[in-house]
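Chains as they are written, first to last, in the UniProt record's numbering: chain R, 1 to 239; chain C, 1 to 239; chain Y, 1 to 239; chain B, 1 to 239; chain X, 1 to 239; chain V, 1 to 239.
Worth flagging that the hints you see were computed from the coordinates, not collected in a lab. A virtual CB, placed ideally from N, CA and C, is assigned to each residue, including glycine. Take these hints with a grain of salt, some might be off.
Claimed, not checked - Where chain V lies over chain R, by a calculated footprint (3+ residues, C-beta under 8 Å):
{"hint": "1", "segment": "65-78"}
{"hint": "2", "segment": "82-91"}
{"hint": "3", "segment": "97-104"}
{"hint": "4", "segment": "112-121"}
{"hint": "5", "segment": "196-203"}
Stated by the list, open to error - Which chain V residues stay away from chain X? Per the calculated CB distances, all over 10 Å, these:
{"hint": "6", "residue": "Thr-30"}
{"hint": "7", "residue": "Gly-40"}
{"hint": "8", "residue": "Lys-51"}
{"hint": "9", "residue": "Lys-56"}
{"hint": "10", "residue": "Thr-86"}
{"hint": "11", "residue": "Val-90"}
{"hint": "12", "residue": "Glu-131"}
{"hint": "13", "residue": "Pro-144"}
{"hint": "14", "residue": "Phe-154"}
{"hint": "15", "residue": "Thr-219"}
{"hint": "16", "residue": "Glu-221"}
{"hint": "17", "residue": "Lys-224"}
{"hint": "18", "residue": "Ser-233"}
The chain contents come next:
There are 6 protein chains.
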Amino acid sequence: MSMNLQEKTWVQVEEYLKSNKHIIVPVGSTEQHGPTGLIGIDYLSSWEIAKAVGEKTKTMVAPPLCFGMAVHHMAFPGTISFSPITYIQVITEIIQSLGKHGFSKFTFINGHGGNIAPLTSAFCQAKQDKETFDIKLFNWWHLPEVTAYESKVFGNENGFHATCGEISVTMYTHPEAYQEIPAMSFQPTKDRPHWPMAPKEFREAFPDGRMGSNPSLCTPEHGKMLFNLAVDSICQKLE
Amino acid sequence: MSMNLQEKTWVQVEEYLKSNKHIIVPVGSTEQHGPTGLIGIDYLSSWEIAKAVGEKTKTMVAPPLCFGMAVHHMAFPGTISFSPITYIQVITEIIQSLGKHGFSKFTFINGHGGNIAPLTSAFCQAKQDKETFDIKLFNWWHLPEVTAYESKVFGNENGFHATCGEISVTMYTHPEAYQEIPAMSFQPTKDRPHWPMAPKEFREAFPDGRMGSNPSLCTPEHGKMLFNLAVDSICQKLE
Amino acid sequence: MSMNLQEKTWVQVEEYLKSNKHIIVPVGSTEQHGPTGLIGIDYLSSWEIAKAVGEKTKTMVAPPLCFGMAVHHMAFPGTISFSPITYIQVITEIIQSLGKHGFSKFTFINGHGGNIAPLTSAFCQAKQDKETFDIKLFNWWHLPEVTAYESKVFGNENGFHATCGEISVTMYTHPEAYQEIPAMSFQPTKDRPHWPMAPKEFREAFPDGRMGSNPSLCTPEHGKMLFNLAVDSICQKLE
Amino acid sequence: MSMNLQEKTWVQVEEYLKSNKHIIVPVGSTEQHGPTGLIGIDYLSSWEIAKAVGEKTKTMVAPPLCFGMAVHHMAFPGTISFSPITYIQVITEIIQSLGKHGFSKFTFINGHGGNIAPLTSAFCQAKQDKETFDIKLFNWWHLPEVTAYESKVFGNENGFHATCGEISVTMYTHPEAYQEIPAMSFQPTKDRPHWPMAPKEFREAFPDGRMGSNPSLCTPEHGKMLFNLAVDSICQKLE
Amino acid sequence: MSMNLQEKTWVQVEEYLKSNKHIIVPVGSTEQHGPTGLIGIDYLSSWEIAKAVGEKTKTMVAPPLCFGMAVHHMAFPGTISFSPITYIQVITEIIQSLGKHGFSKFTFINGHGGNIAPLTSAFCQAKQDKETFDIKLFNWWHLPEVTAYESKVFGNENGFHATCGEISVTMYTHPEAYQEIPAMSFQPTKDRPHWPMAPKEFREAFPDGRMGSNPSLCTPEHGKMLFNLAVDSICQKLE
Amino acid sequence: MSMNLQEKTWVQVEEYLKSNKHIIVPVGSTEQHGPTGLIGIDYLSSWEIAKAVGEKTKTMVAPPLCFGMAVHHMAFPGTISFSPITYIQVITEIIQSLGKHGFSKFTFINGHGGNIAPLTSAFCQAKQDKETFDIKLFNWWHLPEVTAYESKVFGNENGFHATCGEISVTMYTHPEAYQEIPAMSFQPTKDRPHWPMAPKEFREAFPDGRMGSNPSLCTPEHGKMLFNLAVDSICQKLE
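Sequences and hints are given; from them, build the entire structure.
Written out as structure tokens, the structure is:
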């Protein structure tokens, strides 16, 4: 049964809140993922994982925040980014809204590295306002089960952005979207760069948007494995 | 063929921008829609309409902004709202991000009345920053073709919130979500209230969240008609 | 007897508040009104109407906020505009200040279309902070009695900005100011434009600042009629 | 001839700007002025002085900003106050708006001590944005000619708030407003307090709102003298 | 015994708060002080004075806020400035943090004129939030004992910025820093300018950063005298 | 020779900038560090390390920002914290100020974990504004040379807050401050907690402020070793 907030009525949410104060919030980004990765990877992956975790654990799942803090990808068309301060404000107001209804346990499932700093900042702010909030963050691509699998099958060609792992996950969850993307031959790009990078710097250092990943290794089968590892890992930690 | 930004690569967006500067941005809300309407109606309806308009007119469609300015619905659990100032900031930054890539024509398809004021404010701000931006707003439920049909089939039982029209549209686009919602007998509620209303006032005036609508008149068939009328009307106006 | 807050002492306000929690706040704009309309029309008209309504209904009237949200008129010299976010903040703080003294019923009398969106946004914010506030907005030029009269005497030459109606009202209330303005022959301008417009766009579309109005039809006599219709209409609605 | 911006057309302002870049901006406050002083004294006095200076020096005069930074008077009903940050923002946007039209010399005539700090802050901000702006501030009650006269006729009963000087000036400019105010016998209040004061502290220290002033000494004749001294002093300094 | 907060443990602060709610906060600036004055003069002087006052009066002293509102000095390299709004926010949050622990009496010792306006604004804000806060500001260079001494020994060559007084004080407190500064012959610069000044204006009017001061008169002996006068004067006023 | 900005004149900074665009900015926090650690540890340690790195590499060092983002420590008296948004704004304005003078390479030396998220956010913002800025962050306690030494000498009694390492460093740099702190016997506290924590939660989980550290192992000798390791490690990385 779907646990998606957007597919419920307020009466059902009121009922749910009588016995459960927990809600999952999927956050990601709309940003370039190299020449063969979808622009929506970060929110599509976290949203799909969130929905699966919600169903398995019978936890309500909020609609996704599709946009994140991605200023460093702004030299690639299609990227949409909030400034850090706006992103902190947005996350804070989402938590406050849900908190007013009685939700007090928040699990953020995140698909984008650039969100971690402003998410953490927003959580500090929200916790200061309401001491009893319990706020957890899962960056799915950082889960040990996920990185272990990626390491095994992609080795050091997984890369740091537009990784084999995240592309594979969305090949599994959104196969139709990959039919339109032409095949390309790949050349691994440079090593991990210094940080932070400005938009132009990023594009100069990584001209096609990938950071050391070899997308030709991606398959929906790997994606399925990674998706299930992420879902199971988060479910386990939530129990 | 899907025209969804999130299912494209940046290379495809760069190609698109060579001949087309137009992007559609679906905006809505996550808020109560009475005892039988989905909490996600406002963004689900505008997103589905946006995707159909995008495919028909070969126009790129951004991911949805699922949250809007819905403070007056905050007394009903499940509602998530940005403050007006945050919403203006969010919309402004989405326009600015897309503008940096060369998009200059923006069509917002909106599913929530409370968004109109801050959207208009944000557009003024964005236009001041960049004079050449062409920004249009379609509130799909205000389209004359839509209101004419609603008037004909629902009469004055369409209501002003959680209307028969918007519930019907999502019964058509998200039939699976309505299977879980128990049937109820309905009593029309009061007339349109003074404005603005505070959360508690709203709930006192409209205890189940509907404003004068009779959801027992909703059908997916009406939804299909309304959906198509909205899509065709917007397509026509965009040409 | 004057009901103007600025002409009272705090002792008189304290006395007033014992039996009356209602205050009228006139808001407008300082912006171009074509080659023959005063720059101050929007706040002068709403202020005069507010003072008359205050006297008739024995309601306290705040000093006017002379500046509004008028970014689209900024290509014409003399216009002063707040950004939308600042305007929302300003209105919110005026309401909060008055609310601290015990005022709880607020009637805004507005003379400028561009203010409507941010005013509404500010009211939502203020109502969220204090549920019991009762906030009403009258856009005097939208009152049915006013538009009916304008329609009858000016027809479609009333226009959409620098209208015959608002110029006539200030010819009645501020006759001395019109003595300095040279007579001109008028050519009706274009139809109502798309919205929102940027400053330069506005001036290109409407080179002399009028939107389809024919100011040669304006007279102080029409102004007197319109003024009285607006005052009476608002007084009636407030009872 | 009136030099008031609000009584001009944009065509007249455009003409004026060909030879003159100077504008006067009257600022004040809406706040308690003791049991016999008008709530509007601070903006009424600065506005009247500004209009007279404008006529004498043929300088354009903006509409008044009727509200200022008056948090310390908030324990007396009728006071309306902006927060310091909002006031700074408001002043900055007024300067920026006028600057866009080509005004580059700004003379602020101020009637309220609490505005000085945020005005100065805003000027610093505006000057940083546009180096060539020439911004002057006249606090009319601080002018040496004014303080000398007050000292001579009121001695140490002039006080520090709701002073004999400012009440006298508005008795001269707004005689009709003082007809409604009942006569009272006065007892001088305490000496100048430490600073800053919170609203309640202020009311406890100065229960009727005056700070050491004896309003029974006020006359419209003194007001006329002070008004003329202030106008002449500013005119001289502007030449 | 040192009374510096940074050299205490929280246990010691908790103990202190049982009998004393007073804390001293040194604020200054990092900005040019002419060709021979240290960039840190404003915070170094106020910090040293604060520490001495703290020891003498057994009052806790917070770490210094080394940066202030110094936009007008930005044309000289090395100056670091907050915008006025940010500075107000920073001061407000420092007061709020300390207030949460129970501090209720705040003595700010300030070394920079440009801070006075935003400091005062922040104090108003903080007092509005918490009526019982007692906040005092000492601008050490304005103390009558200090100006009398300066007047006596430096006459009108003390100047208005990079004054003989403040340079002397830091020659006394930081002799090692002055060893590296080459001797120069000085020419007194112009009189006090109009205010506010933009960065470029300031540098044009005062090419070497001094405002009418003759640093060749500075000595550590004068500095010692001034330092002691300032410390004693503040201690006396705090009793 | 000291490389401290505050001990230079603007003439010396102008000279420096002719051949060097690099500046070091020490940042830390004012917050509890357990019953025996100084409240100032985070800024004192990063400042001392920054000064030593500056002297060794002949790089200019800005004054310290003594306050950071430490909301989670606010239940312990003496802690001073900025909100995340204010901290981001503060850091951004420090970078912008220095950037206006021509500094383009910024090395932040940080002593507080809670600063990392908002620092990173601010760097992203600053890089977006000015692409060519080169901004590096060193969290001295994370340097591999430092953690290796701590691991060797303190093992798992180093802890996560008020660590043996940071206390030892300040015992070395500020021996006088530790003379006033009474000796205590220590009991290791709990393991690393979930994150983020609210102030009360933190104090409940870690009643004396330490997170698993055993301060009885601290010595100035270990501090000297750690200090030198940190300085050398950063110097090496900067070359």
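Results of checking the hints against the structure:
no.: 1; hint: 65-78; verdict: holds (count 4)
no.: 2; hint: 82-91; verdict: holds (count 5)
no.: 3; hint: 97-104; verdict: violated (count 0)
no.: 4; hint: 112-121; verdict: holds (count 6)
no.: 5; hint: 196-203; verdict: holds (count 6)
no.: 6; hint: Thr-30; verdict: violated, 5 Å
no.: 7; hint: Gly-40; verdict: violated, 2 Å
no.: 8; hint: Lys-51; verdict: holds, 13 Å
no.: 9; hint: Lys-56; verdict: holds, 18 Å
no.: 10; hint: Thr-86; verdict: violated, 5 Å
no.: 11; hint: Val-90; verdict: violated, 6 Å
no.: 12; hint: Glu-131; verdict: holds, 22 Å
no.: 13; hint: Pro-144; verdict: holds, 28 Å
no.: 14; hint: Phe-154; verdict: holds, 20 Å
no.: 15; hint: Thr-219; verdict: holds, 18 Å
no.: 16; hint: Glu-221; verdict: holds, 21 Å
no.: 17; hint: Lys-224; verdict: holds, 19 Å
no.: 18; hint: Ser-233; verdict: holds, 25 Å
In the structure shown, a violation is registered for the earlier hints numbered 3, 6, 7, 10, 11, in ascending order.
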